Amino acid sequence: MSEQNNWIEIGKLDDIPVLGARVVNREEGDIAIFRTADNEVFALHDHCPHKGGPLSQGIVHGHKVSCPLHDWKISLETGVAVAPDEGCAARFPVRVEDGVVYLSLSSD
Amino acid sequence: MKERLIVIGNGMAGIRTLEELLKLDADRYDITVFGDEPYGNYNRIMLSPVLAGEKTIDEIMLNDDAWYQDNGVTLNKGKRIASINRSKREVIAEDGSSLTYDRLLIATGSTPFILPIPGNDLDGVVSFRDISDVDQMLAVADKSKHAVVIGGGLLGLEAANGLMEQGMNVTVVHLPETLMERQLDTVAAGMLQQSLEERGLHFLMQAQTESITGKDRVEGVRFKDGSGISADLVVMAVGIRPNYTLASESGIHCERGVVVNDTLQTFDPSIYAVGECVQHRGEVYGLVAPLFEMAKVCANHLAHHGIGRYEGSVTSTKLKVTGIDLFSAGDFIGDENTEELVFQDAARGVYRKLVVQDNKIKGAVMYGDTIDGTWYFDLLRDQTDISDIRQHLLFGQAHLGDSGHGDENRVAALSDDAEICGCNGVCKGDIVKAITEKKLFTLEDVRAHTKASSSCGSCTGLVEALLSHTVGGDYSTAPHLKPMCGCTEHTHDGVRAAIKDQQLKSVRAVMDTLEWDSEDGCSKCRPTLNYYVFCQWPDAGSDDNQSRFINERVHANIQKDATFSVIPRMWGGGTTPDELRAIADVADKFKVKTVHVTGGQRIGLYGLKKEELPEIWGDLSKAGMVSGHAYGKALRTVKTCVGKEWCRFGTQDSTKMGVALEKMTWGSWTPHKYKMAVSGCPRNCAEATIKDLGVVCVDSGYELHIGGNGGIKVRVTDFLCAVKTEAEVLEYAAAFMQIYREQAHYLERTAPWIERVGLNYVKEQIVDDNDNRKALAERFLFAQTFVQDDPWKERAEGTDRHEFEPIKTIS
Ligand SMILES: Cc1cc2nc3c(=O)[nH]c(=O)nc-3n(C[C@H](O)[C@H](O)[C@H](O)COP(=O)(O)OP(=O)(O)OC[C@H]3O[C@@H](n4cnc5c(N)ncnc54)[C@H](O)[C@@H]3O)c2cc1C
Ligand code: SF4
Ligand code: FES
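Same order as they appear, the protein sequences are chains A and B. Everything in the first sequence is counted per the working numbering, starting at 1 for the first residue and increasing by one. Everything in the second sequence is counted per the working numbering, starting at 109 for the first residue and increasing by one.
For reference, chain A alone in the conformation it holds in the complex (with noise of 0.2 Å):
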């Protein structure tokens, strides 16, 4: 996929905290780029799927963070709302290189 991706870069990965969440301001919404405590980075559009909660806002643990307004858990990975919750935030890619974080436009 990584042929059609346009990368952009957006930042070092020290930029974001551990176990926390830095947001890329864009017109058609905001997204959140997270970073784990194994020192992964996810990005997800940042807007809950229960009532819009902005995800970057949340407490980060393992791979999933807690939504700051009804403790909803996304997972990271896929997006989606860990069960019995249902919905699921639009993932984009990211990847790391010598340290700078590129994110990708194009959901998937």
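Just so you know, these hints were derived from the structure itself, not from any lab. Do not take every clue at face value.
Claimed, not checked - Computed far set for chain A versus chain B, every beta-carbon distance over 10 Å:
#1 Pro17
#2 Pro54
#3 Glu77
#4 Thr78
#5 Ala83
#6 Cys88
#7 Arg91
#8 Ser106
As the list claims (entries may be wrong) - Covered, in the sense of this in silico footprint (three residues per stretch, anywhere, with C-beta under 8 Å from a C-beta of chain B), are these stretches of chain A:
#9 18-28
#10 55-67
Values in this document were obtained by computation on a predicted structure and should not be read as measured data. Just so you know, even glycine gets a beta-carbon here, dropped at the ideal spot from N, CA and C.
Go by the hints and put chain B with the ligands onto chain A.
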């Protein structure tokens, strides 16, 4: 010559019948037992803890070889009975040997249901029924990684949990939409699934298994929709079938099981049957409680006493997964003729539903806190009329009388005939009698003498509470308490003690030292630990920003549309024209959508973007205003009236008192939000009697009230004491806040905390004990020296800048 009794099946029902029989008449029979398993009699229920590594096979043996010898019972282990010749009254084993009987007892249990799909006979496909199944699972778990459990019922989930404890990566495949659909409603099932997922189990719901793949050994599982997953082990736990083949082939009438009457006799009067293999009044059972009841009645008839009838059982369900409390009984779904009483507290993970018809309980489901299960179950079985207690029913038995103080008082409130141990049908009265008459001190003793808590163990907490209640201070083992969350076995109090004793000064240190089950906790435990560390070590503890809820992380309240609100502090509810102007200027400059006066006498500005916060805060702090902490589990406001200064009734300067209290306490973090108020006279215009701490000024000084709450469940304060001077008010207020900070569980407000520990306890600590009060107040003031910096000012000056700025903006 003695009569000859043969028992086929060396399991839980057959041997329990013998135990009961030996108690009644040890000499009547020559007894021979045939069992096709190569072991003595063991507690099948406990296979789950064995699989999870919590118990060993030795520990679950109920009766060893010596027991059979001592009681003159001949045991044929590993010998399977192939047929019964009823006309000759003899049983024939597979090896051809035979033996005659005068009476025969069939207790052959159940066989696991195996899905009729291709691959079901591959190596590595097992059921979960006996020791050899567990041995096989453990052997695979030792070498391989991926396990699939087909069936999300009681047994499947216990298997899955056990395999996960053995280090396997486990996926549970379940056909219906929700787990344990026969025992739980969708809400409880959802909560269960969520906590199991948090522990690391995976679920494939509504997945229909089509085949099991592999050459000799299992390699994977395929589903109807074409998808599949790989597996080194497949556990089938899709149900059990009464094992009545032997009986029916011998011409005994069987339907869904061996049909028996109320005396447990089959259609052949010299042949009895008990346990999972029987069908009684149309019902078949898959739990031990009914089998044990059958055993009692059957023994009675075998002993020729001829009294006692088995009339069927109402059963209840519990799941033996450590740290998960669930309970269900009766008809918990209901229909158009029933009503539902529901209580749900998502924050604590507690759910209760009662189905009621004509003022009687028909069914119950509970999740999270199941201590009242026994009580509901009694009300259900006895069909007690609940009209009088209906309003309080959902809060549990403890709330019927005074506020409850833990398990001990709850068991004290139970009636003597309340059933404590469901498996063995032991009532409270039996246990108390055994404890007092036989002078029992330990749980093991109680188990040995009464059998209570000796089967599935889920009533252990109650038995321990009874023990400590009955023998008082002599029994010191703490009753079973709930773990803090799914990530740990430790309780709130245990964690707090460890933080103190082992000098744990960061969230990471706590998780590492106490061996947290999950890598970095969850959204429940991390904020909790962060608070506990911070409270214990105000000077040296590290504050982990990522373990705070968003409100505290960015010092503003998040609102429903992801904007934030800003509420500056107004000391004791007072303000000045300059402050009002500064607020008005900010509101203009940032085009604030809503300006609102809050319930705590302050002005709130709503609808602000996160990026704007530092700048707004900067403007406000230039005008001398500081954060109001309206977002935190922290001191919120001190509400006051105008008191003596203006009011014709005022007895003291309530405003000044309020300001002094707020200056002392602002910035402090607490287990939950914390509010105070000072009223100038008993007219109480500041509503001091629904605050965490309320001061009511009177002619002779100040009355102090604690534990009020104006929230979901309104609670009026308890009167603590009266004091004379302002200095005393401050000292008591600091001491009370500190004891609450140090001892309440995170997210527990003062009201439920006081109900839990008792008002007397609080009085003893801070009214009766002067030294303790002074020490508490000192600790509070010491902690305050580290927190009274305005977080807004710091952030306006650049602290945590990354929190407020996007990493990148794309246009
Ligand atoms: C893993 C697991 C967990 C469980 N957890 C719980 C729980 O928490 N609570 C609860 O109430 N119940 C639980 N149960 C159910 C409980 O174990 C059964 O209800 C109970 O064991 C049934 O007793 P029984 O004597 O009828 O059958 P069993 O205990 O199965 O005994 C029957 C015995 O007869 C033998 N047998 C069969 N045919 C022959 C033959 N022809 N010749 C010789 N021997 C024969 C069998 O091999 C078996 O050993 C659990 C069951 C399992 C498997
Ligand atoms: S509480 Fe008493 S002193 Fe205060 S305003 Fe009301 S009436 Fe006046
Ligand atoms: S908006 Fe995310 S949980 Fe409600």
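Hint check results:
Annotated as non-interface, Pro17 of chain A brings its C-beta within 10 Å of a C-beta of chain B; the closest such distance is 6 Å. For Pro54 of chain A, the condition that its CB be more than 10 Å from all CB atoms of chain B is violated, with the nearest at approximately 4 Å. Under the 10 Å C-beta cut-off, the non-interface status given to Glu77 of chain A relative to chain B holds; the minimum distance is some 12 Å. Every CB of chain B is more than 10 Å from the CB of Thr78 of chain A (nearest about 12 Å), matching its label as outside the interface.
For Ala83 of chain A, the requirement that its beta carbon stay farther than 10 Å from each beta carbon of chain B is not met, with the minimum near 5 Å. Against the 10 Å criterion, Cys88 of chain A stays outside the reach of chain B, whose nearest CB is about 15 Å from its own CB. Against the 10 Å criterion, Arg91 of chain A stays outside the reach of chain B, whose nearest CB is about 17 Å from its own CB. Consistency note on Ser106 of chain A: stated as away from chain B, and its beta-carbon is indeed over 10 Å from all of that chain's, at 13 Å minimum.
Residues of the segment 18-28 of chain A with a Cβ under 8 Å from some Cβ of chain B number 9, which satisfies the need for three, so the listed coverage holds. With a cut-off of 8 Å between beta carbons, the segment 55-67 of chain A has 7 residues touching chain B; three or more are needed, and the interface restraint holds.
Of the hints listed earlier, those the structure fails to meet are numbers 1, 2, 5, in rising order.
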